[in-house]
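S.K.: Chains A and B, in that order, are what the protein sequence lines are.
If you're matching positions, the first sequence starts at 3 in this note's numbering and goes up one per residue.
If you're matching positions, the second sequence starts at 29 in this note's numbering and goes up one per residue.
Hint data in this document are derived by calculation from the structure and do not stem from the laboratory.
Where a beta carbon is used, it is the ideal one built from N, C-alpha and C, also for glycine.
Some hints here could point you the wrong way.
Computed list of lysine-lysine pairs in DSBU-like fashion (alpha-carbon distance at most 35 Å, straight line) [said to hold, decoys possible]: (1) A/Lys97 <-> A/Lys32; (2) B/Lys216 <-> A/Lys140; (3) B/Lys85 <-> A/Lys140; (4) A/Lys160 <-> B/Lys90; (5) A/Lys137 <-> B/Lys90; (6) B/Lys216 <-> A/Lys97.
If the Cβ cut is set under 7 Å, some of the chain A residues that face chain B in the computed set are [as the list claims (entries may be wrong)]: (7) Met3; (8) Leu87; (9) His113; (10) Met114; (11) Gln128.
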Amino acid sequence: MKCQSCNQPATVHLTDVIHGKKREVHLCQKCAEKQEIIKHQELNLGAILQTVLGQHLGPMTDELSRLTCPTCGIKYMEFRSGGRLGCPQDYDVFKGALLPLLQRIHRAARHMGKIPVHAVRNAERQRELMDLRQKLRKAVDAEAYEDAARLRDLIKNKESTDEPG
Amino acid sequence: MNLDSLTQSNGEWLRGSGPEADIVISSRIRLARNLSSFPFSSRASTHQKAEIEQMLKDRLVKLEAESRLDYLPLPALTPLDRQLLVERQLISRELANADGPRGVAVANQETVSVMVNEEDHLRLQAMRSGFALDEAWTDIDRLDDLLEERINYAFSEEFGYLTACPTNVGTGMRSSVMLHLPALVLTKQIEKVFRALQKINLAVRGLYGEGSRASGDFYQISNQVTLGKSETTILTEIREVIPQIISYERQARSTLTRESRQALHDRVNRAVGTLRSATMMTSEETMDLLSSVRLGVNMGLLEDTISIPTVNELFLQTQPAHLQKLMGASLDGEERNSARARYLRNRLREAGPNLN
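Put together the whole structure using the sequences plus the hints.
M.R.: What follows is the structure, encoded as structure tokens:
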């Protein structure tokens with residue numbers, strides 16, 4: 003059997019049963035040490051749980067725990083504890099973690115319903131507008147009114163090109 | 029909109045008419061929508077919320093919808109008026125108790141309400157009396173289209189309408205049907221119905237969103253899944269299951285008539301008797317007794333001395349905020365119980381069998 007992380011022969015095998023479902027983790031000595039499952043020849047229970055649970059919640063939990071949305075500033079861990087996302091961009095930023103979550107909640111991960119006719123579907127553009135608004139906020143707070151006026155016009159301009167009403 | 033005048037009417041959902049109105053109280057559909065270029069409400073600053081509110085309010089009151097929308101800013105309302113809107117199901121308890129700029133746009137007949145700065149920037153809601161999901165969908169779909177011409181919704185082709193909570197993403201749609209199921213409760217079959225519904229991913233809640241034991245035997249059945257299914261599919265799934273529950277309730281009513289007619293008669297008459305003579309009445313007890321009265325009227329046990337719209341009205345008018353509005357005074361718990369009992373005695377003077 004090969005290590006799940008690096009394809010070397012696996013020497014560390016973990017089995018856990020959660021809600022009657024068996025989960026297995028197979029790693030080589032090196033990767034197990036790297037994930038801190040084995041530390042100085044001892045078993046690290048916390049890390050083992052992390053690994054087994056991580057599989058359940060979706061991959062790369064460690065990496066995700068450090069993720070922060072550049073647009074609204076919410077950390078992935080804040081979402082996990084509060085249950086609410088910070089802005090529309092989070093669906094993109096936290097996608098890796100959201101996909102398995104959506105699959106569990108809805109047993110699906112793709113929209114099949116109504117599609118708005120006029121909405122800006124370009125995520126890039128939505129983010130740009132949100133960034134501009136944030137800059138505007140900061141400019142007003144800093145009493146940099148010339149910058150603020152320029153930003154306000156820019157936002158108006160960008161909005162009017164995709165807002166018919 | 030004059031809130032005091034609201035207390036004089038039943039609103040749409042308790043009108044007591046519409047298809048299957050003896051069992052189906054109302055049908056309701058809500059859509060969660062967000063603006064693309066703002067953070068979700070929980071992460072928006074007070075200033076941003078004010079900006080969102082201003083922009084949405086402007087567009088809502090100018091909509092060329094069939095019925096004009098009136099906008100009510102919640103911070104300007106007294107706690108009593110906010111509670112009144114909760115009792116009429118025009119706003120959520122969350123919106124009533126939140127902070128910051130927020131409000132609701134309400135249509136004249138109360139068939140449509142739009143919450144601003146709830147958990148999502150917009151919560152559109154359409155209500156109909158009786159079993160009328162399709163009509164509610166037509167209303168809300170049209171309102172959504174009108175708004176979408178003027179607002180950039182947060183939308184992705186992959187995940188649909190983006191919402192603050194991933195449990196609403198996709199269609200953002202929660203469609204629910206409120207049922208009055210006293211016979212299933214009396215014959216202890218209601219749990220069985222719940223378990224069956226949960227298996228097919230439908231949620232069951234009480235009248236104001238409470239858990240298992242619903243007051244007044246009112247139950248709301250709604251979809252849980254919002255992603256991966258079209259609005260039509262979601263509506264069809266609910267539309268197909270409701271007639272089955274209606275037929276279980278009707279079977280339970282015939283079982284009661286067949287096997288415990290005397291006990292049922294006794295229950296209904298005792299309920300009327302208590303409501304006509306008690307001097308203190310909590311809102312919980314009122315709901316329970318009115319539920320028996322409602323069952324009695326629908327089973328023809330009360331000789332047309334009271335109508336279903338009247339019973340529906342009493343359910344609403346005896347809620348704490350409505351009662352205080354009717355009395356024109358703010359009352360503490362004990363005063364409310366006494367005012368409630370007095371009000372019920374008056375309204376039910378003519379109801380029930382002739383006791384002479």
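S.K.: Take the hints in turn and mark each one as holding or not.
M.R.: Checked hints:
no., hint, result
1, A/Lys97 <-> A/Lys32, "29 Å, holds"
2, B/Lys216 <-> A/Lys140, "61 Å, violated"
3, B/Lys85 <-> A/Lys140, "25 Å, holds"
4, A/Lys160 <-> B/Lys90, "23 Å, holds"
5, A/Lys137 <-> B/Lys90, "30 Å, holds"
6, B/Lys216 <-> A/Lys97, "45 Å, violated"
7, Met3, "35 Å, violated"
8, Leu87, "6 Å, holds"
9, His113, "3 Å, holds"
10, Met114, "5 Å, holds"
11, Gln128, "4 Å, holds"
When the structure is compared with the earlier hints, violations turn up for hints 2, 6, 7 and for no others.
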